[in-house]
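Undergrad: Protein chains in written order, with numbering that gives the first Met the number 0: chain C, 0 to 167; chain B, 0 to 408; chain W, 0 to 387; chain L, 0 to 102; chain S, 0 to 197.
Accuracy of the hints is not assured; some may be wrong.
The list that follows gives simulated cross-link-like pairs (lysine-lysine, DSSO-like), each with its CA atoms no further than 27 Å apart [stated by the list, open to error]:
(1) S:LYS88 to W:LYS341
(2) W:LYS206 to B:LYS401
(3) S:LYS72 to W:LYS341
It should be emphasised that the hints constitute simulated quantities derived from the structure, not laboratory data. Quick caveat: nothing in here was measured; it's all calculated off a predicted structure.
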Amino acid sequence: MEIAFWILSAITVIGAILAITMRNLVHCVLSLILFFLGIAGHYLLLRADFLFAVQVLIYIGAVAVLILFAIMLTRHVTGTEGPREVLGGKWWAGMGTAVIIAGLLWAIIRKDPLAAMLPAGMASTSVTEIGRALVADWLVPFEAMGVLLTAALIGAVVIALEEVIRKR
Amino acid sequence: MDQVYKVAPQLLKFLSYLLGWLPWIGKPVAGFLSNPPAWFLLAVAIAIPILFVVSVFPGIFAYTTLVERKALGRIQNRIGPNRVGRWGLLQPIADGVKLLTKEDIVPRSADKFVHFLAPVIAVIPSVLLFSVVPVGAGLVPVDLNIGILFAFAISTASVLALFMGGWASRNKFSLLGAMRAVAQVVSYEVPMVLAAVAVVMAAGSLSTLAIAKAQGGGILNVTHWFVFRPWGFVGFILFTIGAMAESARTPFDIPEAESEIIAGYHTEYSGFKFALFQLGEYLASIAMAGITVTMFLGGYNGPGSGPGILGGLISMFWFFAKLGGMIVLTIWIRGTWPRVRVDQLMSFAWKVLLPMSIVNIVAVGMWHYIAIRPIAWVVTTLWLVLWFITLSKLAASENIEKREYRYAS
Amino acid sequence: MIQPLTDAKPYTLTPGSNGVIETQTLEVSIGPQHPSTHGVFRMDCVLDGESVVALKPVMGYLHRNHEQLAERMAWLGSMPYTDRLDYFNSMTNNWAYALAVEKLAGIKVPDRAEYIRVIMAELTRLLNHSCVIGFMLQDLGAWGTPLLYAFRERERILDLYEAVSGSRMMCNYMRFGGVRVNLTDENLATAKDIATRFPRFLDEFEKLLTNNEVLLARTQRVGVLPKELAINAGISGPMARASGVDYDLRKVDKYGVYGRLEFRVPLGDIGDVYDRYYIRVLEMRESIKILQQALRDIPQGPHIAPEVKLRNFKIPPGDGYGRIEGPKGELGFYLVSDEGGKQPYRYHVRPPSFINLTILEDMCVGHKVADVVVILGSVDIVLGEVDR
Amino acid sequence: MNVSLDHYLMLSAFLFAIGLCGALSRKNAIIVLMGIEIMFNAGILNFVAFWHYKYFAVLTAQMFAIFAISIAAAESAIGLALVIAVYRHYQSIDVDEMRSLKG
Amino acid sequence: MEAIEKIKEIAAQAVPAAKIEIINSTPAAQQPALLVDREHIYAVGKFFKEDPRFQMDFCSCVTAVDYLPKADKSGCIEVVYHLYSVAQKQGPIVLKVRAPRELDQCRVPSLTPLWRACEFQEREAYDLYGVKFDGHPDLRRILMWDEFVDHPMRKDYVPPPDYEWEPTPHDDTLQRAVEEGGIMPPTAREELEKAKKK
């Protein structure tokens, strides 16, 4: 448990750091996938099997692939990137904000009595329970989510196809 | 795993009995094995399924290549490999040695690290897929309660390897192949999952073992297979097509279409890396065949299968026989069909397979709520057939026509 | 796409290659090392995603200046070299060259030789068309199954060639004024056997292919060649007839004894890949008819005109153009003889597959990469002939 | 030392900060989106950790996680579509260059 | 098809400015040709293509012949077009046009705008004989590589002593290999030195 936690945390943090620091965009995405995998591993460790599958299916199978496609559509993927500036104009402000927020959160967590809590239970939830909950107590949000996803789907297509539609 | 854990003490006892005959070292080892500590039992219980998966399935892969070459040879009026060993039986070994000793070429401008990583990553998801395939009654490496979902999640990850390989090679043909592979896998994932949803609804569980169990019983353990239900039959066809597309088998092998883009994403791979790509691809296709068998063809169920050692062996036989049947089916299709084109492949997935799999889910619902079986049979069959006709009319290309030819006077 | 022919189109492959990304096109060079360019041939393609925006054929990798070799050699000396033009169809190449020389020198060919030539040419057509369909299906991704079916039949024909000429592919069989060796009764029996078996093979072949959904979807309305463009671009052979051009030199020129034989010329209406496939099947069926008639009618007699000298063969000054309907199209030889007359002063081959490539771009633009190789396969080129 | 809720909260705070840093300081719009995804994941990890350590019996946290993941997927789809549209317009995906919202 | 004299007459009426001559072939071949001057070959070709009596819509064969200068007459390069009619199934009409052998003057009008079939064949004639076709849309070498300098089918073409040392795109690479002391076969090095000396 402990070893697994530390290994997975290391993978996650390294993946995240590489994802935002690498120069080559595709390398960034590959590191991001490493990060997603680490998070998925954490879910498994936390006995959330279903979330593990959802994480892999959606983040690695869909989001990462989507990002790769976006990169393919917006650059010359075969060429190497030149020595371009990768950081934004006010990067120091962003860094500073991030450091301050990390410090604040750190302080809060240290103070909180809840934090030192140990696991409440170890059995995984069965998928049946999640399914029942989704269509009983959580039916309205579930349906709303369906509408949202449909809207997002149509919206994405419309935005991406804007030029083509305008041409017609 | 649980099953192994149960029988592990007996197994170890048997081993210790055998080892007891050895001089010097035999006695103490036998003593240790006949009364093992709990951690050792757990380790054995974990190690045996892993050993099983990594030894049996690559073996099947090796001989699948041989069977494929032989069968293709027969289809094409040839003999196929027959030089290495009797009937070419040692051919896979010779191939392996050849590939291992070949020079490993990395293009100068390639992204070396990603280029190296891609074939490795190609194999991992394929092997992981086997962890949820039940090979016999109660015999599954890991009985996850999210089994099917796990399988889909893992199989999506395999697309990354294809992309990495194609992108890192810095070859335009590789890149085209990678793009094709990604687009194809992503779009065939959807109808496949929906086809599986029908089965999950009928079996009431995501666990592969439970799905296989739900298909037992009936006459000779055969009549309750899902493929002998109207929705199951449709689902079987949808899922088989999806699985063939997902593992890029002919006629959906466009990511590596050798006549168009040379070899697609593995154009720039040679030697053992190439072999790893092949291994990953074949393992994924065998695992998908295994999942198809589990979900539709009754899994390990067959005449004589059941609990106990004999029943377990018979059930394993049935599983592997069905698996072999599925593999031969894909080879047969490969030998006789031309390849479809990219746009046709995509429109087939979105315009035919996807609506049909949604219709199929409705059919399962009908099947569930109509209590009288004969009526359920008639209603679901009618529903599916009508939709099939409508969809095939809608999706039919206006380009295809029957032609008459004239002769010059 | 028929372009206005007077507009000059400069050779620019990359639209807007000024360093700024304007279009996301990908320039891909299909060949010279590529599994389905049928030899060392290159197509410089500009792709937009998977669609072809521009395509330029690049040839010459196999150029060996065949014409100049022939101009340094006696008339008969280049007969074996014609075998190497279209190495699939050496018999018809021989015949075209022999025909051109006979025209120039005014040689009369005996009847039996003419019949033998017809038999050989039609056998060549059978083997070429069946293998071309096989190669095309291989480009479609059918793993060579139809090709190997075709090869099984080709094997029988090649065995007959070996029996009559001593060589399977480089036959070097025709001579000015006839053929090199007479056909024996045994050879004729083999030919008859082939002619009776071939229809069965064709039925089997068609059962495998003609109504295959994937084949229909991949070939119909792909690579359409309109009739006007086909005529204007000098397209000949099955490709032109698939576009509906009624032009078969066996009917038009009636060279050899084709005037005495009965056969029909199948024509397509659309001129796409499917038409080119099916026209070849129909032509094979007609070829079988011709074969059967020729085998029935073949007279006894000399196999070569006795007055033709092998050594010191001379032709009076002048020029002449002889052409035949080869399996790939109009195969012509333009020969000029000058005062000496011992060797050709000018020797020019009009290779059908070279000229049929002219409109490759017009057929491919707008289609997918996967279609390009199929269209190329349906054009039916042999690089030995394209590059000479 | 057992792994406690503390560890998970620290980890996710750290990841959140990394994501924020990426989202704020990189030029490339796609990397900005990736930073946002990292922050999302850090948040979801918190949900799951709290569920595991405190509210194990109720499924609320898992439900939230599922919904958050779905929303993140929708967000990334829309975001990338926007990136492509912006790229078409500006021929660049540099966030510093997108100064005008006029099409 | 009418006799060649008649054809010549009709063509001369249609394009009055053109100078048309009949060149007879051997009696056996019986393919007399019309020799048209360079300025009017396009007009004559267009006439034969469009006139309803001929409808020569199929340009079968285009080639060039190189005649070396002799004691009694000057040399020339002759471009030969073989025209057939698909619509009326008749032919051939052979058109010939002559140009001087000197490379800078060796130009004739291209007939590609009339018959697309000429596109590759005229490129070939340019490649092998050096005939420049005015109005050709894409006149490049087709069989020889782009960096090749001479026109190898000309009768006075002298092949270089070593074919390898035609200028090829490969030269730069080899040169660099020598300068960098890279790996190359000793014979190649010697020959490179030889070529340098020249």
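Undergrad: With reference to the structure, classify each hint as holding or not holding.
TA: Right, here's what the structure says about each hint:
Distance hint between LYS88 (chain S) and LYS341 (chain W) is unfulfilled; the C-alpha atoms sit about 34 Å from each other, more than 27 Å. Taking the CA atoms of LYS206 (chain W) and LYS401 (chain B), the gap is near 15 Å; set against the 27 Å cutoff, the hint holds. The hinted pair formed by LYS72 (chain S) and LYS341 (chain W) meets the criterion: a straight-line CA distance of about 22 Å does not exceed 27 Å.
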